[in-house]
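Here is what each chain is made of, one letter per residue.
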Amino acid sequence: MAITFRELLRELVRAAGRRAGARAEPEPAAGATSPELLPLRRVVLADDVSRALFAEYAAHRTSDRGGEETGWALLGLRRAEEAIALATLPAGTAREADEAHVKFNSAAQAFASRIVRQGHRQLTPLGVVHTHPGSLRHPSTGDFRGDIEWVVNLRGGEGVFGIGTADAEPRPDAGISWQPAPNVQCFGDLCLSWYVLGKRDRNYRPLPVELTIGPDLAAPIRPVWDELEAHAERLDRLARQLSRVKFEVAAGREKAALTVTVPLPDDGRAVRVELEGKDVRYRLLTPDGALAADLREDRVDVGVFLMLSELAAR
Amino acid sequence: MDFRPLTETERKHLITALRGNAQDGLAVLMDRQTTSFLGTAEEVPDEEVINAIRSVPCHY
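Going down the list, the protein sequences come from chains A and B.
Mapping the first sequence onto my numbering, position 169 (from 1) lands on 169, and the numbers just tick up by one.
Mapping the second sequence onto my numbering, position 41 (from 1) lands on 1041, and the numbers just tick up by one.
Looking at chain B on its own, in the form it has when it is part of the complex (with noise of 0.2 Å):
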């Protein structure tokens, strides 16, 4: 098993992401093959998506 240090940006990411899973619920991504930490699940604006969806093409 191999244990290293997180660097500095790991840290605050992890941070990040506990806080955003305390406060708001939001996901904390898990690696599925090394379960190390991915990262979280980012929001994704309202009109990002209603805008994408409005704007899906006929198919043939």
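Same shape as in the complex, but just chain A (with noise of 0.2 Å):
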């Protein structure tokens, strides 16, 4: 059979077109590619998390303030369908609190998540843990109004939220926790009950919360929490100050020191202050030896300005 010149030219676009089409890269699998957050199907609880959160619960309804509610910000990784937990900051000595709300020291939160995420950098809050001190096992109307416009400021706009109650019936086989449901988890009398919410959510949806083995990575700055608030805003503003400033915590004279280093340019020299109970002591590091410094200021931030402009003198 007769073909035409235009009838050829149309076959072989044609065949070209298939031929492409049959090159065509398939889509990326599922996962593949950075994950796109999802709605949360899950909470996954680094074991040391989850024994922090069980263990401070049970030491703070024994100590002096254990009639108020008290809770835990959450720090961790966002994934596609799951937040893992990484991390617990305690509300803190200066929370303000009874027994029927609970407001945490932010300042020092915010301050002690610096510190952890000097060396993880991907951790991200995931929500908070909360107490009540009755047996309702679910967050508040008054929880809502707040946390449905600070999810917002989550990524993926959904947080965790976590309630403890203290109305678990104690098994015989004690020491072993259990789960009566997947979105709560008891050990002892103490039960945590976890929901997520997102922002546009009307309310709070039970969560399932797993275990995985795990650091609680806040667990190192426990030991100077309290340095940590009595210092939090001028640290923090150190911080934002100085991009080389590192905190660590090390041994002190009689317990752990809360430090502070801010290298100085090009001679292997250093700043550092050591915070431990009320004590701010100055040191120089060089690559000699730790020289101390005679200066007594307990504004952090101004005492490090001080010895930079005196250093900078010389």
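Fair warning: there could be bad hints in the mix.
Simulated DEER-style distance windows between Cβ atoms [claimed, not checked]:
hint, chain 1, residue 1, chain 2, residue 2, range
1, B, Ser1055, A, Asp189, 31 to 41 Å
2, A, Ala313, B, Arg1019, 39 to 49 Å
3, B, Arg1019, A, Asp189, 49 to 59 Å
4, A, Arg200, B, Arg1011, 30 to 40 Å
5, B, Ala1027, A, Arg244, 17 to 27 Å
6, A, Ala58, B, Gln1023, 37 to 47 Å
7, B, Asp1031, A, Arg253, 41 to 51 Å
8, A, Asp98, B, Arg1011, 49 to 59 Å
9, B, Asp1031, A, Arg296, 51 to 61 Å
10, A, Glu99, B, Arg1011, 51 to 61 Å
11, B, Arg1011, A, Arg314, 47 to 57 Å
Pairs of lysine to any residue, SDA-like flavour, derived with a Cα cap of 20 Å [claimed, not checked]:
hint, chain 1, residue 1, chain 2, residue 2
12, A, Lys103, B, Ser1055
13, A, Lys103, B, Asn1051
14, A, Lys246, B, Glu1043
15, A, Lys199, B, Cys1058
16, A, Lys103, A, His138
17, A, Lys103, B, Tyr1060
18, A, Lys103, A, Glu149
19, A, Lys199, B, Pro1057
20, A, Lys246, A, Pro287
21, A, Lys199, B, Asn1051
22, A, Lys246, B, Asp1046
Covered by chain B, per the in silico footprint, the following chain A stretches (three or more residues, Cβ under 8 Å) [unchecked claim]:
hint, stretch
23, 63-74
24, 97-110
25, 113-119
No lab work stands behind these hints, which were simulated from the structure alone.
Since this is a predicted model, take the numbers as computed values, not measurements.
Just so you know, even glycine gets a beta-carbon here, dropped at the ideal spot from N, CA and C.
Take the two lone chains and join them into the complex the hints point to.
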């Protein structure tokens, strides 16, 4: 059968199109690229995080302020459909609380997040845990009013919310936790009930909780939490003003000390401050050793800049 | 076992992830069930974290 040049050309174009279509790259497999944040389907707690929550809740209940509500902010990783909690930031001794409310010491928690994130820049706020003195295992209406405004600040527009209650019937197999529901953990007489709230939700949704082996990355700073709270605002200011400042926990004279190290350019020296209890000690670190500075200044940011000024003048 | 060539997009993501791991120590994420490549752990800016923590509301 005869074929015209125009028909031949049309067929060639069609064939080329089919070949191009056959070579087209397949869609990337689900999850093969940077994960898109979907609605949360579970919260995964590092086992040290879970232990810290139960242990500190139990300790709180036996403390002088045991009748008050308390809580923790959670930091971790936000994956496509799960939140992995890797750090707990306690409400702090400077929290405002009674038996019906708790307002965390957010200044201290914010600064604590800087310390924790020094080596873990991918950590993000996931949500909060707080306790109820009675047996209400669900966030209250008042909680909803604040949380629905707050979750827009979180990755994925969703927050994880844990409610602690002390209303479980302890089991005879003491020492082992159990889950009466996928979103509820019980240990002894303590329960943690987990929920998620998205910015468009009309109510909290139960959120299944799982455990994985992992750290509480905020555990190392617990021994210096008092110092951290006492100096949080000034230390946070230093962190914003000096890009290379580093915060660590080190052995002090009688207990752990929170240390602040500001490297000086080029010569291997550094200004170091040790915060231990009410003591604020200033040091000049040199390649040959540490020199104590004769400086008495409780305002740690002022002290650091006085040291830097003195050294710059020499 | 199923093998298939990476798409151009997947290849770029993987190279970026490996480079970030080698140069900056960034985590390379793996799917827990299939062990497939999930991307990298993105760094979260300080200000985003600080603002979120400072704005935690009162709880009742």
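Status of the hints after comparison with the structure:
1. Ser1055/B with Asp189/A: 31 to 41 Å: holds, 33 Å
2. Ala313/A with Arg1019/B: 39 to 49 Å: holds, 44 Å
3. Arg1019/B with Asp189/A: 49 to 59 Å: Since Arg1019/B and Asp189/A have Cβ atoms about 51 Å apart, the given range 49 to 59 Å holds.
4. Arg200/A with Arg1011/B: 30 to 40 Å: holds, 36 Å
5. Ala1027/B with Arg244/A: 17 to 27 Å: At roughly 23 Å between Cβ atoms, Arg244/A and Ala1027/B fall inside 17 to 27 Å, so the hint holds.
6. Ala58/A with Gln1023/B: 37 to 47 Å: holds, 44 Å
7. Asp1031/B with Arg253/A: 41 to 51 Å: holds, 49 Å
8. Asp98/A with Arg1011/B: 49 to 59 Å: Hint holds: Cβ distance 58 Å, inside 49 to 59 Å.
9. Asp1031/B with Arg296/A: 51 to 61 Å: holds, 56 Å
10. Glu99/A with Arg1011/B: 51 to 61 Å: Because 58 Å falls inside the window, the suggested range holds.
11. Arg1011/B with Arg314/A: 47 to 57 Å: For Arg1011/B and Arg314/A the Cβ distance comes to about 55 Å; the hint holds.
12. Lys103/A with Ser1055/B: Between Lys103/A and Ser1055/B the Cα gap is close to 10 Å, so the pair holds against 20 Å.
13. Lys103/A with Asn1051/B: At roughly 16 Å apart (the allowed maximum being 20 Å), Asn1051/B and Lys103/A satisfy the hint.
14. Lys246/A with Glu1043/B: Measuring from Cα to Cα gives roughly 18 Å; hence the hint holds.
15. Lys199/A with Cys1058/B: holds, 17 Å
16. Lys103/A with His138/A: holds, 18 Å
17. Lys103/A with Tyr1060/B: holds, 9 Å
18. Lys103/A with Glu149/A: Holds, at about 16 Å.
19. Lys199/A with Pro1057/B: Holds: Lys199/A and Pro1057/B sit about 15 Å apart, inside 20 Å.
20. Lys246/A with Pro287/A: Given pair Lys246/A, Pro287/A holds - Cα atoms ~18 Å apart, limit 20 Å.
21. Lys199/A with Asn1051/B: Holds: Lys199/A and Asn1051/B sit about 17 Å apart, inside 20 Å.
22. Lys246/A with Asp1046/B: Status holds; Cα separation ~14 Å.
23. 63-74: holds (count 3)
24. 97-110: holds (count 9)
25. 113-119: holds (count 3)
Of the numbered hints given earlier, the model fails none.
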